[in-house]
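Protein chains in written order, with the working numbering: chain A, 1 to 278; chain B, 1 to 343.
Honestly, the hints are just simulated from the structure, not real lab data. Keep in mind that a hint or two might mislead.
Stated by the list, open to error - Covered stretches of chain A (in silico footprint by chain B; criterion: 3 or more residues with CB under 8 Å from a CB of chain B, positions within the stretch not fixed):
{"id": "1", "segment": "78–84"}
{"id": "2", "segment": "91–97"}
{"id": "3", "segment": "110–124"}
Keep in mind it's a predicted model, so treat the numbers as computed, not measured. Positions of the beta carbon are idealized from the N, C-alpha and C atoms, including for glycine.
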Amino acid sequence: MTPILRTESVSKRFGGLKAVDAVDVSLAPGEILGVIGPNGAGKTTLFSLIAGSIPPTSGRVLLEDRVISGLSAHRAVRAGVVRTHQIVRPFQNLTVLENVMVGAIYGKVHPRRARERALEMLQFCGLRDRASQLPGGLTLSGRKRLELARALATEPRVLLLDEVIAGVNPVEAQQMALLIRSVREQRGLSIILIEHVMPAVMSLSDRVVVLDAGKKIAEGKPEAVVKDPRVIAAYLGESASTAPPEPASAAASISTPPTNPTPSSTSIPKKKGPGGGS
Amino acid sequence: MSVLPHWVSRPVLAAFLVALAIGAVLPPVLRWSVYTQNLVTLTYLFVAAALAWNWLGGYLGQVSFGHSAMFGVGGFVSARLLLALHLPFWLAWIAGGLVAGLYALLWGHPTLRLRGPYFSIATIGVGEATRLILTYWEGLTGGSSGLSLPIEANLKQTLYFWGLGLMGIVAAASYAMRKSSFGLGLLAIKSDVDAAADVGIAPTFMQDLVLFLSGLAVGITGAFYASYFSFIEPGDMFGFDRSISFVLMAVIGGVGTIVGPALGAVVFVMLRQFLIGSYPQLYLGLYGFLLIVVILFEPLGMVGLFFRIARRTGLVRPELEATLEAKAAPGGAVGEGRTGGME
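With the hints as extra help, turn the sequences into a complete structure.
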């Protein structure tokens, strides 16, 4: 199947730092693609490159056959790619309904139908009874669903979700996972998902891409990827990758030799483990 | 079906038309003196200017301290056109306004990517630079001795109605800009430019457009001012206190609200008329004091005061009030607890 969205060796350099380094990602129609990686791996920068928030240093992003890299953010939205933000950014001065209406009006919906469309999206995201409130009165989970509703109102074809599950309680996380699945099932969207909450990534994603230090280091089925020695190394440090994958995190912490306090030790597990999160 | 856009409220439209009609029949009915009619015409003029300033300063949250530049450019361009080509005055006003709007775009397109205080500081520079350059550009402005326009009989009688019409157009535009879906986009930009772009809003285009329209309208009021007084000079047209007066009118009345700047302009003109006669040295100091009081105690000015009274008497639903206040708030910053107690 031809991918709906793909990046071709896309890179972003900030001064001397290669935040994203020649990454190829492709997204099939109707697919949910998980993007994982330690903090600072370049996941959010990759999203910004795809959504047009920042232009790539080199490489390009294609929506079907159309090059969308270099388009400004609002043009990318018109083209059909929309993102949500890791740190929620509702318009604090507009009501919940108006927030979503903005997405509808400036996406592809005629202003006359915007209200109707926005209410439909709020219903879908479980915020219908909050429509006339200001977003300041919502819980974090509510604001994350508002972010999702606002993005959906633009009638996108590709949805980029930046940590919409992390930080909410387990019950809400479950609801959010169901919501994301129904976005795909009922609305036929293709989704790329950055997430730290491993159980969610494992159950939602059809495929997972792993980034580390700006590079793509692994790609494949979720269950295969988490057993990949390079992935374990990226999360836990080098020596852990030589240990058997199952007790990986335990092995990592034990294998740090207390007799070797020098920073040259490669096995200090200071990064978040794959089981961490919720 | 309705020919009106869906965001037009019929009671508001009716009230607006009635107010304009009353304005039109007042002078013959009340047999105003020349002094009173001057004062009322001047009020219309500054209501229009304050409302137009508010498009940028209130709806978009980009507070300009340089709007005297467009006021002056509009005034001098139209005066020159009247002197050189003997155009009908309304045509000269439109030409002056267009030049002022384009001038606003010229400095605004690069500076509008600054936000908040940084933009405001840039506009102070623009206003002062414009004042200095045009004071020395004698070919356009006549230098510090200014320009005199021919005085026509009954001009002020005619201009009263033109002033009323100008105010009516600007007020209608203020309402439309805030209530239509365009206004939602402006408020979204005020709250968070990048998030607005990420839902499909073109922030650069929208901000440029609003600045152009604001410059156009303020330029036309400047042109009206030139026609009305038949004499203009750069120190008066481009003065920093001119720019400050637009800010003051909006802030006293309620920056970011639809009617606030109009109320503020009425108070401003009346107060000025009273104070400049009795305490010519004091009146600017008093404005400063007023500004501090408003910002400290009622950031939404007279509209905020109205809300306070309405809340006591139960006229306005608290929920509606909270959302209206949030929209007017500078930079969209509102307290988390604003919607508390609503459940």
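If you look at each residue in the segment 91–97 of chain A, do at least three have a Cβ nearer than 8 Å to any Cβ of chain B? holds (count 5)
For the segment 110–124 of chain A, does the count of residues with a C-beta closer than 8 Å to a C-beta of chain B reach 3? holds (count 3)
Are there three or more residues in the segment 78–84 of chain A whose C-beta lies closer than 8 Å to some C-beta of chain B? holds (count 3)
Going through the hint list in order, the structure satisfies each hint without exception.
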